[in-house]
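Let chain A serve as the given structure and place chains B, C, D, E and F on it in line with the hints.
There are 6 protein chains.
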Amino acid sequence: MAGLFTSLRDDASLWMDHLSWLDYERRVQAPDATVLLPVGALEQHGPHLPLGTDAMLATAVAADVARRTGALVAPPISYGYKSQIKCGGGQHFCGTTSVDAATLAGQVRDAVREFARHGLRRLAIVNGHYENQWFLIEGIDLGLRDVRLLHPQHDLQVMRLEYWDFLTPQTLAAVFPQGFPGFALEHAAVIETSLMLHYHPDAVRLDLIPDDPPADFPPYDMFPPRPAWVPPSGVLSSARAASAEKGRLLAEEVAQRLAEAVRSGFAR
Amino acid sequence: MAGLFTSLRDDASLWMDHLSWLDYERRVQAPDATVLLPVGALEQHGPHLPLGTDAMLATAVAADVARRTGALVAPPISYGYKSQIKCGGGQHFCGTTSVDAATLAGQVRDAVREFARHGLRRLAIVNGHYENQWFLIEGIDLGLRDVRLLHPQHDLQVMRLEYWDFLTPQTLAAVFPQGFPGFALEHAAVIETSLMLHYHPDAVRLDLIPDDPPADFPPYDMFPPRPAWVPPSGVLSSARAASAEKGRLLAEEVAQRLAEAVRSGFAR
Amino acid sequence: MAGLFTSLRDDASLWMDHLSWLDYERRVQAPDATVLLPVGALEQHGPHLPLGTDAMLATAVAADVARRTGALVAPPISYGYKSQIKCGGGQHFCGTTSVDAATLAGQVRDAVREFARHGLRRLAIVNGHYENQWFLIEGIDLGLRDVRLLHPQHDLQVMRLEYWDFLTPQTLAAVFPQGFPGFALEHAAVIETSLMLHYHPDAVRLDLIPDDPPADFPPYDMFPPRPAWVPPSGVLSSARAASAEKGRLLAEEVAQRLAEAVRSGFAR
Amino acid sequence: MAGLFTSLRDDASLWMDHLSWLDYERRVQAPDATVLLPVGALEQHGPHLPLGTDAMLATAVAADVARRTGALVAPPISYGYKSQIKCGGGQHFCGTTSVDAATLAGQVRDAVREFARHGLRRLAIVNGHYENQWFLIEGIDLGLRDVRLLHPQHDLQVMRLEYWDFLTPQTLAAVFPQGFPGFALEHAAVIETSLMLHYHPDAVRLDLIPDDPPADFPPYDMFPPRPAWVPPSGVLSSARAASAEKGRLLAEEVAQRLAEAVRSGFAR
Amino acid sequence: MAGLFTSLRDDASLWMDHLSWLDYERRVQAPDATVLLPVGALEQHGPHLPLGTDAMLATAVAADVARRTGALVAPPISYGYKSQIKCGGGQHFCGTTSVDAATLAGQVRDAVREFARHGLRRLAIVNGHYENQWFLIEGIDLGLRDVRLLHPQHDLQVMRLEYWDFLTPQTLAAVFPQGFPGFALEHAAVIETSLMLHYHPDAVRLDLIPDDPPADFPPYDMFPPRPAWVPPSGVLSSARAASAEKGRLLAEEVAQRLAEAVRSGFAR
Amino acid sequence: MAGLFTSLRDDASLWMDHLSWLDYERRVQAPDATVLLPVGALEQHGPHLPLGTDAMLATAVAADVARRTGALVAPPISYGYKSQIKCGGGQHFCGTTSVDAATLAGQVRDAVREFARHGLRRLAIVNGHYENQWFLIEGIDLGLRDVRLLHPQHDLQVMRLEYWDFLTPQTLAAVFPQGFPGFALEHAAVIETSLMLHYHPDAVRLDLIPDDPPADFPPYDMFPPRPAWVPPSGVLSSARAASAEKGRLLAEEVAQRLAEAVRSGFAR
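Protein sequence lines correspond, in order, to chains A, B, C, D, E and F.
Using the working numbering, read the first sequence as starting at 1330 and increasing by one per residue.
Using the working numbering, read the second sequence as starting at 1330 and increasing by one per residue.
Using the working numbering, read the third sequence as starting at 1330 and increasing by one per residue.
Using the working numbering, read the fourth sequence as starting at 1330 and increasing by one per residue.
Using the working numbering, read the fifth sequence as starting at 1330 and increasing by one per residue.
Using the working numbering, read the sixth sequence as starting at 1330 and increasing by one per residue.
Next up, chain A with everything else stripped away, as it sits in the complex (with noise of 0.2 Å):
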């Protein structure tokens, strides 16, 4: 597995921690300038995909993006929400690794307020881990907010989104040539795989998959969780179509499709 992260970090003008504070400075200071800001999680993806799978994708997708659009990537933060029986699986896993609402909003907070700071006018936060999403909009909400007031001069604007929501339905129904289920069972199923497969094929067990049903929900959540909901793999629905073939249709569409609104989705 000898150079996992090579092809991902070829290129250290990318990367913003790999900048110096003078370059990052005249980076931003172009008008359109623009950060993405990778959010992942430390979860479960069964036996044949990484904990770490959310982190790396979203990271990915993001490099995917800034390659096309001159972009900087800041170091992703790894530790998502906590993992829910009907999206992730559940707590109840060995390895996952989540943090609470606080923690995860105060970090978005404090890193927004930081880049407005910067005289970043534009920064995207892309979401790879589905539970994440609600406290990113607590913590974009309080850090502008914040920056409304201690940096009145600046005019930050945030993207936030999930990279899949950003496949067409043409792509998904050449994914899924039997009918897109939609995207509820999809952890660690066929999309993540594939694109597993496309960015970090040496990461991925294809031999592990595992070959439970698809998991089957009622209408509702129970706490305390209930871990025989989940089959014991946590996988949710089976990843055997993964191939890193699709992989590279779904990396393709979502970093284009992403390109495109991180051109044209922000305020001149």
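Derived by calculation from the structure, the hints in this document are not laboratory data.
Please note that the accuracy of each hint is not assured.
Unchecked claim - Taking beta-carbon pairs under 8 Å as the criterion, some of the chain E residues facing chain F (in silico):
id : residue
1  : PRO1376
2  : GLY1381
3  : ALA1384
4  : THR1425
5  : ASP1429
6  : GLU1515
Using N, Cα and C, we set each Cβ at its ideal position, and we do this for glycine too.
Leaving out everything else, chains B, C, D, E and F in the frame of chain A:
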């Protein structure tokens, strides 16, 4: 600068986020299983070192220790506590991207609680950013308060350290032939630059090392901080004497002595 | 509009706050005693629906379920999480009165802790405001963390749900003869308006239903939010097709299936 | 007990949550527009009064004032601060469902901030639960600190009150012909019971009024609280002398004098 | 400067902070060992009393009680909750230096947790600042919640009191020959001034006692607070009738009755 | 008990809490008016020093500086951050009474905000407890963030310091004729004991100074802390060489140099 991370990430079995949860579970069940959690910062390090220096060094040191001890390295906490004039140059630099105390302590508290839930008995937090120290202590204290209540059957021990404290006077004397002036001004200076030359030579711009005289601080802090106390470059004392060879020497000693601490410092 | 609440509040034994503590204590001691906690919002719902729609519907649904199951309805949490452009129109509307994440999660945490102290074993949180969902999850998680420690002899289970998730495709097909476009734009639209016509007809101004075309959102959020993305009325898709009869159909199915969940979803 | 809320909610134009946002916006733009926010509790009130007494009375009083002044009534905050032995009987009673200080203060802070955003200039917080008082103060103080920064163009004034403080010695003398013993033991006693007989007669069980002698407390609190200090019924002094007629007298004076305060207490 | 604390602290054995930890440990092991924790404020007290009056009186009372009971006095919490117009004059005065609710409650919570760790079974919190009351309650409640979990083997009891509540009607009648008008306006007035003349005569400027008539407040609060409601001196009713002799009488009764409470109020 | 505070507080005009608010207001209006805020701890200091040593020394130093500069001394913050094994002996000692990070930072934040409201331009926080340092920094940073928004017309500057950092190598050489071993083990050792002999000789028990060899710590922390690393006395290195004469020398230099810093360190 292709391959920046190649040598660092050469052995997937070091990295917790590259393991599946089942592999991690197996690893954690060993009685002396240890996880190393690097904590860094995104902070100006002069014109010659990248913003991510503290996280990169804490991670590199942790990886070296992991190779020697069989420990795992968790994903780094990449955003650190607010930079202070007298140790990191201060918060007025563009690019420095910091968090409030509650955020950092909360992140550590949550991580400690989660690692205890995994059944891990040995966690070592490897700090690379001086300003983080006391908020790591608070996070660990609050985390273990939770663990005692929520996971009383577990006996997680947490080691906490700054990697440079493992350097012996002998080595410091070798690296500073004219006498070691102490760690106070070692921000973006000889030690960090040498270590970066050792671990990430492509990320160092030797040609840009500034020539400022060492900073001279009064025995107190002033708030709002005084940017005028700090050289405009952000470097607190000259890195001119840095070399990859010194970096190797420093890295070797830190790794060897820290590995010894990891082996012998935890109670059975 | 006299008697607005008459039919709703016709049976005092449904309402926890109308019982004396001794009556409540008796009720709670039954082994399958259940409390339903409605959570709503005070949020614009277009020119034709009242600000309290979400709380009124969550409460009405809870009352219907209580009538069928013998459960009790606790006083609603009437203030919800901040309205988002793409699901509730956003925070720029006059009248929308929202709380921060910590407030809502704290309210739920405290309630969970208290119900456990009462000896209650079954609590169902009936959500009527989409934006609340994840902060309810956080509140329940933190509340049960407290309960595990403070009331270890208790075994409170918490069910959490959005009432509309109990609608079957068959019913949605009946209500939307031209095809159900999904819940995304169902803010102040056909489902909510029909349910209000069923439960609180006097509170609906059919003559004021706006004629705006459905909102069309990009696959990302922008902050500060963009009011221009939302029709000035605050309605995300037309409510013209709403009717009391559809409301009855929707209400009936939600009540029946939610009652079934309350009966069978909790562990013995 | 049908029609419990009929008389209370007879005029939809009183209730903020029954208005559309456009109607509310129109109302709020009047220069003397006032919103009344009732705050109560869910707390034991003896065998003869319901758990929701404090919220029901604060809401009923607010409605009476609104009818006289044209003010609006916002949805009540139904969950109050923890019941104390010497004023509410204490937290050991089943049914009492309370919140921590931070929750209540946070709820009020957020509401104050939101009403200021609406452009409201006059907010009156009508408290019906003694224990809430200081946390309302903290919530208002923090909310106005936010308002001063976030909405400096607004000049929201907040009135805060306990409704019983508007009773004159004359009226108290009439209600207590043998001398008013002070408010200290007036929990579920003559004043609250009389008011409930006036506002919600169906919710009072006169036959269950206990005959305990008045509680007698030392001049200090003890924690953990001492349930033995409180009569098992939860009533701190006898409600036997309560009557609907006294309730009418009390309600009339409170409403009249509070309406006068609302009219004259705010600055132009 | 020898003997700096000698006369103040005439009996070193009263003051916890003057004991070594070993002496303290011995003292605390006695079965009826009691610690008194004074809580005050730094708040305007008119032209004739010092800013520290509340802390000085709470401490002096605690010392008197300690002398009679063998209890220890812990260092005072010197900064109190925000001054309110109607009881302390308000926050607009220069010199008043107050804390937010969370700060005060947190300070008390932490202290309660620590005293329980010491094995102390009896803690009495002696309050000298009216505004502190409810935040002390919250701090004790949260502290004992922690103690129950973290130190379940301990059975710390906490007494909480305002010292003036120990005055009998007889004494108040003696001090106020024309009738005691109640504690409401007793800020920097007869009771506090007399007690200061008794305990700290050098700190009282009798010649500066203002002649303002008593403040007259409506039965509600207004926020932002109305400085015009308060005499410019900050004194809510005249202290002219104060005397050292009255102070002695008041101090004697408080000390004697509070000592009795400390002796008999804790459970064995 | 007349004159209780007289000798301690030999010069009432030093102590902020002994001034009336009008006197304080006058003092604060001077352009170079300075307030010194001592921060200490209640922490074991071996068998020979009292628990309050840190607060007593910070206060005594502040008073010496105030006498030389005309500054005022605010009431000390007497409870400090949790004692650490390697600098204060640790939290396992009876008598050590500490606060969490959020409490201490909150106390400082609130104080900073209040002093700015007073119009004060110069605040110096004089720390006597090593563990407090970073939480003071956080409190000041958050406080000044508030001040910038709430009191933008003010320009409060905050100086922060540990008093021992004002000692020169010359004086340390005089006090430690065999070489100064550094501050690391100076807990309850020569410096603190000498200063206490100078300021509070009656509070020192020379006969109880233990004879333990200096503690020897590894270059890392362990949590839960290891009491076995610390001598049972709590003293980290011997205080045998302490003397009142050394105390005078130390106190003199600290006071003189700190007074100079107070005079010259603030911007005009």
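Right, here's what the structure says about each hint:
| no. | hint | verdict |
| --- | --- | --- |
| 1 | PRO1376 | holds (5 Å) |
| 2 | GLY1381 | holds (3 Å) |
| 3 | ALA1384 | holds (7 Å) |
| 4 | THR1425 | holds (7 Å) |
| 5 | ASP1429 | holds (6 Å) |
| 6 | GLU1515 | violated (18 Å) |
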